[in-house]
Amino acid sequence: MDRLSLEAPTGEITVFVGPSGCGKTTSLRMINRMIDATEGRILLDGEPVQNIDPPTLRRGIGYVIQQAGLFPHRKILDNVATVPYLLGWDRGKARDRAMELLERVGLDPALAGRYPFQLSGGQQQRVGVARALAADPPVLLMDEPFSAVDPVVRTSLQDELLRLQAELNKTIVFVTHDIDEAIKLGDRVAVLRVGGKLAQLADPKTLLSEPADDFVREFLGRDRGIRRLQFVSTEGLRLRTDLPAPEGAGTYLHGKDSLRTALDAALLSPTGSAVAVDERGEVVGVATREALDEALAEAAHG
Amino acid sequence: MGDGPPTLWEWIARNWDTGRVGSIRDLLGDHLLMSLVPIVLGLVLALPLGLASVRWRWLYQPTAGVFNVIYALPSLPLFMLLISVTGLSPMTVIIPLTFYAMAVLIPAVVDGIGSVPAHVRQSAVAMGFTPLRRLVQVELPIAAPVVIAGLRVVAVSSISLVSVGALIGQGGLGMLFTRAYQNPFLPPVVVGIVLIVVLALVADGLLLLAQRLLTPWVRARGAS
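So the sequences go chain by chain: A and B.
Just so we're on the same page, the working numbering is the position in the first sequence counted from 1, plus 2.
Just so we're on the same page, the working numbering is the position in the second sequence counted from 1, plus 117.
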């Protein structure tokens with residue numbers, strides 16, 4: 003690591019993204035002292051972590067890793083209750099808490115009595131998240147937690163994390179090599195280059211529209227323009243209500259889905275128009291090619 | 118039954134419990150003592166040595182080397198050598214068998230701890246386990262199947278090897294064989310062999326049962 007200096011704001015998701023060898027995992031592990039920084043300081047709520055005894059420090063920081071790292075010899079419930087046990091909670095209380103978390107991360111309570119090898123990769127990863135949350139730590143470190151599962155499961159785990167975060171407001175530091183994941187999850191994204199130098203720290207929208215240099219631009223990939231549209235609202239999209247909703251057309255949730263989703267719906271539609279629906283699934287209008295074109299032009303200038 | 122030699126059952130009935138040294142029951146007791154003590158003692162000594170070899174890797178090769186050399190030594194000369202130290206006592210058999218047990222169990226402990234997946238160890242560290250608690254609650258339980266597999270080998274070989282001690286007068290059930298050598302009469306040999314095999318099977322079965330009970334999470338893992 004080389005003079006990396008940044009702040010992970012309380013209650014937000016900060017993502018470290020970069021190619022392998024950029025030191026993103028190393029940076030993460032310096033926070034809970036699995037690796038000690040040779041110089042410099044890491045402050046947690048203003049207190050240098052170097053002053054806190056590592057086991058005590060780590061019990062107060064949730065940690066999720068790629069292969070979940072579940073204890074193969076412990077049942078799911080006891081895996082989730084790991085940190086409460088370490089903190090000396092009463093056994094019953096720890097298990098009640100674990101049960102509550104299993105449900106919270108969307109797992110069937112019937113899995114509580116199983117062993118990790120009896121669960122699928124996606125389920126194991128959910129258990130990993132539940133375990134990290136068990137003692138309600140304010141800070142959560144996640145090291146490529148969703149990289150080892152298939153894309154469908156990964157998407158659902160990502161959505162689940164965002165849903166959980168909306169409820170829990172943890173301070174999360176998330177490491178990934180997948181820029182799409184970084185943009186989807188991050189409130190702020192730190193792009194690191196090989197050697198542990200910070201290339202850019204910005205919110206995803208700024209990152210996509212104003213990459214700091216060629217390295218960041220290249221890392222973001224070619225379809226940066228398209229991806230930027232996922233931060234553009236469809237609220238201002240002009241709708242025609244005088245047209246019938248075309249048969250078989252793609253739909254998007256008006257005002258909630260991004261312009262990217264609306265455009266995608268239009269491209270998949272036989273007529274080239276996207277159908278706008280509200281939360282109950284009722285059609286509220288049709289976004290024609292012309293309307294989408296206007297919105298795109300506006301997005302390009304704004 | 119006249120003057121003919123006694124049948125197998127008659128011989129057993131007559132010699133099972135004579136109240137004197139050398140009855141079958143007495144020899145069975147000796148045999149159990151001389152084989153069980155090395156198994157337990159071997160495990161108790163192999164654990165710290167194995168763990169030390171994991172902690173300080175450089176220690177492993179020399180330790181394993183020394184114990185392999187001991188393991189390669191034939192048991193009889195080893196017994197003879199020890200007579201000058203421990204005399205004609207069960208210790209003369211127990212000590213070499215303990216070393217043999219350690220020769221098998223030290224690598225079993227090292228391999229068992231080595232079987233803990235790196236990501237599991239890392240997550241234990243990250244959860245805030247202290248090193249001692251991590252060893253006791255995570256690493257040793259995960260190492261248990263490998264260590265128990267080693268124990269099964271040790272149990273069977275110890276029970277079998279005790280009989281060699283008969284040549285220095287401390288062989289448990291093996292004493293039944295030396296008698297037959299002096300006097301070609303089969304029943305003691307049959308009884309000795311059967312009891313030793315039964316002992317070995319019972320010990321193996323108990324260890325297998327212990328493994329099933331202690332590590333229910335191992336079953337069907339191969340299928341996952």
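Keep in mind the hints are simulated off the structure, nothing from the lab.
We put the CB at the ideal spot given by N, CA and C, even for glycine.
Don't take each hint at face value.
From the derived model, a few chain A residues whose C-beta atoms are all more than 10 Å from chain B [claimed, not checked]:
| id | residue |
| --- | --- |
| 1 | 67 |
| 2 | 74 |
| 3 | 111 |
| 4 | 259 |
| 5 | 263 |
| 6 | 301 |
Computed from the model, here is a short list of chain A residues facing chain B with C-beta under 10 Å [as the list claims (entries may be wrong)]:
| id | residue |
| --- | --- |
| 7 | 51 |
| 8 | 53 |
| 9 | 60 |
| 10 | 119 |
Hint by hint, which ones does this structure get wrong, listed from lowest number up? When the structure is compared with the hints, numbers 1, 2, 7, 8 turn out to be violated.
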